[in-house]
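A.B. asks: Here are the chains, one letter per residue:
There are 2 protein chains.
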Amino acid sequence: MTFLSKTILPRGFKASGVSAGIKKSGKPDLALFYSEISAKAACVFTSNKIKAAPLKLNIRLLKTNKSFRAIIVNSGNANCFTGRAGLKDANAVAGFLAKELKVRPASILVNSTGIIGKRLAVDKIKSSVPKLVKGLSKSGIAQAKKAILTTDTFSKEAGAKFLIGNKPVTILGVAKGAGMISPDMATLLVFILTDADISQNALKAVLSESVNNSFNLITVDGCMSTNDSVMLLANGAAGNAIITSGKNLTIFTRVLNSVCLELAKMVVKDGEGTTKFIEITVDKAKNENEAKKAALAVANSNLFKTAVYGENPNFGRIAAAIGASGIDVSEEGLKIKVSTIDKKEIKVYCAINKGKAKATVYTSDLTPEYIKINAEYN
Amino acid sequence: MTFLSKTILPRGFKASGVSAGIKKSGKPDLALFYSEISAKAACVFTSNKIKAAPLKLNIRLLKTNKSFRAIIVNSGNANCFTGRAGLKDANAVAGFLAKELKVRPASILVNSTGIIGKRLAVDKIKSSVPKLVKGLSKSGIAQAKKAILTTDTFSKEAGAKFLIGNKPVTILGVAKGAGMISPDMATLLVFILTDADISQNALKAVLSESVNNSFNLITVDGCMSTNDSVMLLANGAAGNAIITSGKNLTIFTRVLNSVCLELAKMVVKDGEGTTKFIEITVDKAKNENEAKKAALAVANSNLFKTAVYGENPNFGRIAAAIGASGIDVSEEGLKIKVSTIDKKEIKVYCAINKGKAKATVYTSDLTPEYIKINAEYN
Numbered sequence: 014m015t016f017l018s019k020t021i022l023p024r025g026f027k028a029s030g031v032s033a034g035i036k037k038s039g040k041p042d043l044a045l046f047y048s049e050i051s052a053k054a055a056c057v058f059t060s061n062k063i064k065a066a067p068l069k070l071n072i073r074l075l076k077t078n079k080s081f082r083a084i085i086v087n088s089g090n091a092n093c094f095t096g097r098a099g100l101k102d103a104n105a106v107a108g109f110l111a112k113e114l115k116v117r118p119a120s121i122l123v124n125s126t127g128i129i130g131k132r133l134a135v136d137k138i139k140s141s142v143p144k145l146v147k148g149l150s151k152s153g154i155a156q157a158k159k160a161i162l163t164t165d166t167f168s169k170e171a172g173a174k175f176l177i178g179n180k181p182v183t184i185l186g187v188a189k190g191a192g193m194i195s196p197d198m199a200t201l202l203v204f205i206l207t208d209a210d211i212s213q214n215a216l217k218a219v220l221s222e223s224v225n226n227s228f229n230l231i232t233v234d235g236c237m238s239t240n241d242s243v244m245l246l247a248n249g250a251a252g253n254a255i256i257t258s259g260k261n262l263t264i265f266t267r268v269l270n271s272v273c274l275e276l277a278k279m280v281v282k283d284g285e286g287t288t289k290f291i292e293i294t295v296d297k298a299k300n301e302n303e304a305k306k307a308a309l310a311v312a313n314s315n316l317f318k319t320a321v322y323g324e325n326p327n328f329g330r331i332a333a334a335i336g337a338s339g340i341d342v343s344e345e346g347l348k349i350k351v352s353t354i355d356k357k358e359i360k361v362y363c364a365i366n367k368g369k370a371k372a373t374v375y376t377s378d379l380t381p382e383y384i385k386i387n388a389e390y391n
Numbered sequence: 014m015t016f017l018s019k020t021i022l023p024r025g026f027k028a029s030g031v032s033a034g035i036k037k038s039g040k041p042d043l044a045l046f047y048s049e050i051s052a053k054a055a056c057v058f059t060s061n062k063i064k065a066a067p068l069k070l071n072i073r074l075l076k077t078n079k080s081f082r083a084i085i086v087n088s089g090n091a092n093c094f095t096g097r098a099g100l101k102d103a104n105a106v107a108g109f110l111a112k113e114l115k116v117r118p119a120s121i122l123v124n125s126t127g128i129i130g131k132r133l134a135v136d137k138i139k140s141s142v143p144k145l146v147k148g149l150s151k152s153g154i155a156q157a158k159k160a161i162l163t164t165d166t167f168s169k170e171a172g173a174k175f176l177i178g179n180k181p182v183t184i185l186g187v188a189k190g191a192g193m194i195s196p197d198m199a200t201l202l203v204f205i206l207t208d209a210d211i212s213q214n215a216l217k218a219v220l221s222e223s224v225n226n227s228f229n230l231i232t233v234d235g236c237m238s239t240n241d242s243v244m245l246l247a248n249g250a251a252g253n254a255i256i257t258s259g260k261n262l263t264i265f266t267r268v269l270n271s272v273c274l275e276l277a278k279m280v281v282k283d284g285e286g287t288t289k290f291i292e293i294t295v296d297k298a299k300n301e302n303e304a305k306k307a308a309l310a311v312a313n314s315n316l317f318k319t320a321v322y323g324e325n326p327n328f329g330r331i332a333a334a335i336g337a338s339g340i341d342v343s344e345e346g347l348k349i350k351v352s353t354i355d356k357k358e359i360k361v362y363c364a365i366n367k368g369k370a371k372a373t374v375y376t377s378d379l380t381p382e383y384i385k386i387n388a389e390y391n
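Protein sequences appear in the order of chains D and B.
Using our numbering, you'd call the opening residue of the first sequence number 14 and step up by one each time.
Using our numbering, you'd call the opening residue of the second sequence number 14 and step up by one each time.
Hints in this document: simulated from the structure, not taken from any laboratory.
Some clues are possibly wrong.
The list treats identical chains as one, so a pair stands whether inside a single copy or across any two.
With a straight-line Cα cutoff of 25 Å, these simulated DSS-like cross-link-like pairs (lysine-lysine) come out [stated by the list, open to error]:
| # | residue 1 | residue 2 |
| --- | --- | --- |
| 1 | Lys101 | Lys36 |
| 2 | Lys306 | Lys350 |
| 3 | Lys385 | Lys356 |
| 4 | Lys62 | Lys306 |
| 5 | Lys40 | Lys62 |
| 6 | Lys385 | Lys282 |
Bear in mind that the values here come from a model prediction, so they are computed numbers and not experimental data.
Produce the entire structure from the sequences given, and follow the hints as far as they go.
C.D. replies: Here's what the structure looks like:
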């Protein structure tokens, strides 16, 4: 496997991005990912009990429908906490696009990200859809990946090329992150396209594993979003022997894991107001769950995160966070190492002397800029 | 019951506070609360698995010893994550004081608060103990309540006078707070003195109830401390009929609840960098536990807290936090009201339409000043 050094859309996919006027700034805010042929889909959604309208729509759709053609995404408005009206709006967006693409509305996945609790400007989307569809091309991915962003400062993309049998297969993923980033759900919006031919069951299983090993290991602010979705479309255009199990599934899983982890790290690096990227490993835990729990407790400690921002290596705050995490740990067994803290990337290693399990999570520091961004966000 | 409008130490108690030089600032950092006669004690400690040395000492002591004479407190150093040496240091402090007071070391409760992971300057405490003991007086409480503070900007005190039978009884509590404030444990340091005569069992039960209804309902930064302790000394000097159950216990409980809640609110109002006091009520929950869980999820949401700082009424962040809290809730059933947000005190009311239970918690906003304080703290 080699990571893609430049953007390559997998075969059979096109993309597009336009400014629909949902964002006051006039920046791109409407994106489309389109497969020329029928694609299988696997999705992971937030476990937040308050789910945005498009998620409700998608969850219902995925229960009955197995063939998809497009993902539409607006940024600037989350279409969440908007009740029945919000659901109607999400349906309307799918309807406009279906008509323009000449596909069934049920083959479209709808996504929204941005402010919670406000009605979506459906009319703006309606009038922008023709231009959006017209703009579909291989190079349209450049605009599409910008149009999904909110407070992100750079667009996030990771892709890889590899062989299944003798057929070259491509995976390309794009993500938006920045705030309301906390794990134990599919965090943020991620769209992954692949031309691999892979069975529906394998696709679902592999995405779930990859999300657990990437997006569920990151946190920016411990806040769980209502709109988080990771979507994977596989259209089979690579013409490989269908992946179901065995060696080929192992290869595909490894590549997808790498792509997801790469995107997850980018999301952390672009965490709102962040100045440091922090890797936290908890080792010698009773089991992986306890290792992860302890590592996330450190990653979500405001006191630890401000200490890193202040380049102030405060071991006590790490110990306090692990002690409060609810896992089995004792002062005597706890060893903490922190790398030089005046660098942009910090590593924290904690051994807790209770077993052999290990977990690594990723986070950013907590800065005055984070507060500024979120105090003013509206 | 009437709240005390000026500081009155309950009968049989004296206090003192001096500068021992533990704090670099030279501010008072060593406090003593002393009972002239034997007092019963009830304590609640942090549930953090990493407990400071003095807590380990106190926990052991309380298992066997039923009679106490003094509480000594140093600020500026938490004597936590200091291993066997830290335990030896805490023991030494009790030893110096016991000798000077001419009491048994086992009748002394030791407390520390401040930075974690550094050895305590035991020699500085040793040389300050004679002056500390000499300073014991009724008016010494003024210095004592200052000497327990760390990043607090004001000292916190609440007291009440009431009758048990025909005997006037006094309760006086002092607290320190500011950072590492998160509930589900006895948060922060609180010392409560009363001249009531009350049975050991009743004392323990009533303190536990009061802590649950006050300090366990507040959060500043969601970070659980390693040193949190609430200590209640009752020396019986009021000469009331001993409180064991029934009406008198009800009276005592009600007063102690009020004193604790008053102190807890002061701790929040003095949260590090805070500009707003926020009261969050979750109503119509399935049970009290779910109501509390949801209210605390909002109170610990960095996004909600920055929105309040920015005077930016962002209902979506409240909905997102409740949805992520793990309780049973649906968008349809959720109603949110927020008081005018440009005031110093904000009220949030959420009804979740799942039952009849209700809980109120207290928190502060998250500000750039919090980050400044904690980035530089060392």
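A.B. asks: Indicate which option fits the pair lysine 306, lysine 350 if close means a Cα-Cα distance not exceeding 25 Å: within, between, both or neither.
C.D. replies: So lysine 306 and lysine 350 pass the 25 Å test inside one copy only (18 Å; across, 34 Å).
A.B. asks: Have a look at lysine 101 and lysine 36 and pick one of within, between, both or neither, based on CA distance no larger than 25 Å.
C.D. replies: within (21 Å within a copy, 62 Å between copies)
A.B. asks: Using 25 Å as the alpha carbon limit, work out where lysine 385 and lysine 282 are close: within a copy, between copies, both or neither.
C.D. replies: both (18 Å within a copy, 21 Å between copies)
A.B. asks: At 25 Å max between alpha carbons, let me know whether lysine 385 reaches lysine 356 within a copy, between copies, both or neither.
C.D. replies: Result: close both inside a copy and across copies, 23 Å intra and 19 Å inter.
A.B. asks: Are the CA atoms of lysine 40 and lysine 62 at most 25 Å apart within a copy, between copies, both, or neither?
C.D. replies: neither (31 Å within a copy, 49 Å between copies)
A.B. asks: Classify it for me, lysine 62 with lysine 306: is the Cα-Cα distance of at most 25 Å met within a copy, between copies, both or neither?
C.D. replies: both (21 Å within a copy, 14 Å between copies)
The structure does not agree with numbered hint 5 stated previously, though it agrees with all others.
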